[in-house]
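J.: Protein sequences, first through last, are from chains V and C. If you read the first sequence in our numbering, its first letter stands for residue 36, the second for the next number, and so on. If you read the second sequence in our numbering, its first letter stands for residue 982, the second for the next number, and so on.
The set of hints was computed from the structure by calculation and includes no laboratory data. No experiment lies behind these values; they were computed from the predicted model shown. Don't take each hint at face value.
[Unchecked claim] Reference listing, derived: stretches of chain V covered by chain C, where coverage requires no fewer than 3 residues with Cβ under 8 Å from a Cβ of chain C:
no. : region
1   : 43-50
2   : 77-86
3   : 97-107
4   : 231-239
The beta carbon of each residue, even a glycine, is placed where N, CA and C say it ideally should be.
Spelled out, the chains give:
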Amino acid sequence: MLSIELFFAAAVVVTVALAALLALRPEVTRGRGGRILAFVVLFVLPALLTAGGLQAHLEQAKSTEFCLSCHVMEPYGESLWTEDPSFVAASHFQNRRVPREQACYSCHTDYTMFGDVNAKVRGLRHVWVQYVVGPPPPEEIELYSPYRNRECLHCHAGARAFLENELHAEVLAELRSEEMSCLDCHGEVHEVEAVAERERWTPPGEAGE
Amino acid sequence: MTVAREPAGAAEPTRLEGRLRLAAVLVVLGLAVEAISFAALHPAGFFAFLAPGALLVAAGIALYLWSIASDRG
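Build out the structure end to end from the sequences listed, making use of the hints.
T.: Here it is as structure tokens:
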């Protein structure tokens, strides 16, 4: 079956070939058929392909691999393999509470109507800092704003393990109103300054590979 | 000896055709950059897609639309 990527690649090749034909032989636009061809090749297809390509890039930007492609993020990626289950990020990643392919995005997007857009804007800000301002050392990186419980509760609220935990039940109202942060109790998240010294989890079956 | 000549207007591109040619070149370059940008799973690839890729395509489309809108036949 034709995959969407292959379809787009074929569409790009065809559009480039036809646009190249128009560049080399612009006189073909003198006829009605040529004018229709120019409209399709110089307006419809490039606009559709660029919109599709942008969407594909934005989807790709959600991947863990994309986030960790910047050198400064490497310790954060390494922190996902911390052996100690009290580390929130590692525990979520290793137990597949978040999809491993989109681990960073799953916790660091906003679960609001325009959460995806906000996440992309923050991503652009990351890139600005990376290439223009210069990134701080990994241990000095901070969130732009305090981490909100809303992002945790998006998955945990209503989950049996969360609801049946008496400590959670006692403070649920404060958690929902953000008066109390989940991180007040679950404060070990990435802690990258000591990541190299911590023991690393190796999935069974991968030891020695 | 006589030299066969093409009808006037057949060989020399008109001003509109010249603009269409430039628009086509911009679109080809832009789409090529956009396609190449997918080779890198990195923010640099995303930026390459936006600028110059999407900007070149947008310039090509804008030039095409302006050319046909301003052409008086």
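J.: Hint by hint, say whether it matches the structure.
T.: Here's how the hints hold up against the structure:
1. Given as covered by chain C, the region 43-50 of chain V passes the check, having 3 residues with a CB less than 8 Å from a CB of that chain where 3 are the minimum.
2. Residues of the region 77-86 of chain V with a Cβ under 8 Å from some Cβ of chain C number 6, which satisfies the need for three, so the listed coverage holds.
3. For the region 97-107 of chain V, the assignment as covered by chain C holds, since 5 residues bring a beta-carbon within under 8 Å of that chain's beta-carbons and 3 suffice.
4. A count of 0 residues in the region 231-239 of chain V with a Cβ less than 8 Å from any Cβ of chain C is obtained; the coverage claim is therefore unmet, three being the minimum.
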